[in-house]
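Going down the list, the sequences are from chains A and B. All residue numbers in the first sequence are consecutive under my numbering, ending with 438. All residue numbers in the second sequence are consecutive under my numbering, ending with 438.
Fair warning: there could be bad hints in the mix.
No distinction is drawn between identical chains; accordingly, a pair holds when it is met within one copy or between any pair of copies.
[As the list claims (entries may be wrong)] Here are the simulated lysine to any residue pairs, SDA-like style, with alpha carbons at most 25 Å apart:
1. K78 to A401
2. K403 to D270
3. K88 to W21
4. K106 to W21
5. K343 to A25
6. K403 to E338
7. K40 to L237
8. K343 to E128
9. K153 to I112
10. K99 to D389
11. K40 to A295
12. K434 to S288
Calculated from the structure, these hints are not laboratory results. The model shown is predicted, which means the values in this text are computed figures rather than measured ones.
There are 2 protein chains.
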Amino acid sequence: MKTYINPTPEQWSALAKRQTVPTADLNETVKSIFNDIQKNGSTAVKKYTNYFDGISIENVAISTAEIEKAVAEIPTDLKNAIQIAAENIKRFHQSQKEIPTKIETTSGVFCWRESRAIETVGIYIPGGTAPLFSSVLMLAIPAKIAGCKNIILCSPPDKTGNINPAILYAAQLTGVTQIYKVGGIQAIAAMTLGTDEIPKVDKLFGPGNQYVTAAKQYSQQLGLAIDLPAGPSELLVIADDTCEPEFVASDLLSQAEHGGDSQVILVTNSEAIVSKVSSAIEKQKAFLPRQSVVEKALENSRALVFQSIQTGIEFSNFYAPEHLILAIEDAENKISLIENAGSVFIGNYSCESAGDYASGTNHTLPTNGYAKNYSGVSLDSFVKKITFQKLASKGLQNLGPTIELMAAAEQLDAHKNAVSIRLKKLQNG
Amino acid sequence: MKTYINPTPEQWSALAKRQTVPTADLNETVKSIFNDIQKNGSTAVKKYTNYFDGISIENVAISTAEIEKAVAEIPTDLKNAIQIAAENIKRFHQSQKEIPTKIETTSGVFCWRESRAIETVGIYIPGGTAPLFSSVLMLAIPAKIAGCKNIILCSPPDKTGNINPAILYAAQLTGVTQIYKVGGIQAIAAMTLGTDEIPKVDKLFGPGNQYVTAAKQYSQQLGLAIDLPAGPSELLVIADDTCEPEFVASDLLSQAEHGGDSQVILVTNSEAIVSKVSSAIEKQKAFLPRQSVVEKALENSRALVFQSIQTGIEFSNFYAPEHLILAIEDAENKISLIENAGSVFIGNYSCESAGDYASGTNHTLPTNGYAKNYSGVSLDSFVKKITFQKLASKGLQNLGPTIELMAAAEQLDAHKNAVSIRLKKLQNG
């Protein structure tokens, strides 16, 4: 970790820079796969599965038998752990339900809003060595609470044509309605366009590599909603001398192991902490299996020493981290200063891993500075909030003249007339 | 209005089709203007104002004197009307504030979320003959309630180099912090990139023509958030024989006058209502100044007669209208059937104009079928919701083993270690 002592505000932009992953050159590939799947449906999907995943899949839909087999395979202690995490995630997301409140804005004029589930949502879960069943929990649980009718999950098959059993277990536990063995651009295209086998969805969720990201961007251009713009994962820790350097080191390493493009930032008011954390990193790193990934991520990572924690928080707001750990004195009373962050972890015992898996908060969060203008995934991500209004005749009589005046001033006479014709009727009737 | 009697489900897709406005061919224009403004800042902005608006603007920022002049020009009755509308909009959007609730998901594990304002928002208000000051209210009022620090407004200058006084009045009333005489692609580019005169914003709001729409799409690709994907305005009215055909006609016409690309749909269970509404349209149309616009919009418009209102509601959910009027018996008890709509108007006295101007609901709504996967603008649009979590040492002891198991199963050892190292400390300490 390169260390910067009292960086000036002019340096902040450079210090807040993320590694950017170029995706523009994938656009042509994405478009051609979408066009092929638009034209040739599941035949094209299977062709790309064969090409990219190196396996020929006859039945893309996961069968009940396959799910039962997976459920049987998962060790009981892991099942229990997944169930505990699921309960916490459920509890927290259920608390995000909005109770409609009718507001009488003018006497006789009632306004309120009600949530309705997005009918069909698509969840993408990457394949690879580490089965991200935790992302299944984070996306399917709020979808279920929202009341989404169809919860579609796509994940690439491995070399034996299967999806990791932990993913299947999490999917059946949380109420995913259909699971397909399809990955990459072809999965996103199938869920965007619909095929004879895979339904068209209204909104797409879930992590993915740069191909999946580029495909999701293209889906958005075609009219689908997506969860969040994507970027590599990141963590910023603000630490003062009340922190435990070993804990801080372990958190920075946990972020670093996500990928070589991950970024970890240590912000502190003490050079001594930087050196303590650095030496703890060296010690702990030696025992980690993903050492080369961790080392690559640490190359993009920084330790920033400011004169005060206050300035450190200002930098953090400027950086807008996906994850923010506050390992500082009286941390809970500092949170009103936090303006931009995806999820915040307060105090020495709130490690990022807790939120990644089991505390109950969602781990699908804005990266790459998007915490300035986007929220992480929540129950809100799976509903639309529809506004309703009811004007009693008295309400229109009270508010009608206001509407008539404004419509006339905007030169929208038919808008005015819709009011006038009603007021006239009320006057005569 | 072309009438369809009992259209079969196979016909629904065609009947729900909107006029699509092609924007792809604007992409090159948009990109070149963005690049020029990126390189040449306000000089380029002024060049495009000169080119597109036919006026040379020295000071793009509106001065206090210009605002004072505008305030003095607005008639008192219009001022009063705008203030009444503003109060209602304020009341309804204030009711959307979320009160943070701490949830103890596991003993010693506390999760909650808090809203933070998006720091800098940009509001675009089109120019032209009709000054859309109502859109200023709909966007600046929730921005102010959210606590956005910088509320930037751009609107094109007219031929005399001014912005309509009603827009300026609404802007100063609602607390817009800076107003600039810039329109079109150059306004969106300036707010996206920032110039020496116009600040870079975090999120863009507001209506616009196809140039503005294409520019906002490009801004989104560059990392800005935008309010909603755009499309022409639309209204669907569901009416049974408790409706007032004259009222329904006036509502359809009020939507039709928005633009030739507007769409209005009448859904009913009675052919008699179609003919009554049609003849009321003919009568009322004769008195409207925007007759040619109205007639163009009516060409894309449809009357659909279903065997039951129930089926009509199903069609409406399929169509997902921006505005939905329920002019049916016992309308309020039918709203649980409404799945997809931007804003719903209940009963004979709830005309769309009320929501367009003054009832309190927002008029920035999803068009073009986006009501299936997007909500209209609300207080939520101006904030991020940050999740917070605090694990007491007891909380981590309770939940730690769960996290360790899950992290190990995802092969993320550093994630596991962040927990283990803390549990060890607690055990020893």
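The hints, checked one at a time:
1. K78 to A401: Answer is neither; intra-copy 59 Å and inter-copy 38 Å both fail.
2. K403 to D270: Neither: 62 Å inside a chain and 34 Å across chains, both beyond 25 Å.
3. K88 to W21: The answer is neither: 45 Å in one copy and 45 Å across copies each exceed 25 Å.
4. K106 to W21: Close neither inside one copy (39 Å) nor across copies (33 Å); limit 25 Å.
5. K343 to A25: Within one copy only: 22 Å inside, 52 Å across.
6. K403 to E338: For K403 and E338, the Cα distance is within 25 Å only across copies (19 Å; inside one copy 57 Å).
7. K40 to L237: both (20 Å within a copy, 24 Å between copies)
8. K343 to E128: The answer is between: 19 Å across copies meets 25 Å, while 40 Å in one copy does not.
9. K153 to I112: Between copies only: 19 Å across chains, 29 Å inside a chain, cut-off 25 Å.
10. K99 to D389: both (14 Å within a copy, 22 Å between copies)
11. K40 to A295: neither (44 Å within a copy, 49 Å between copies)
12. K434 to S288: between (82 Å within a copy, 18 Å between copies)
Against the hints set out earlier in the document, violations occur for numbers 1, 2, 3, 4, 11.
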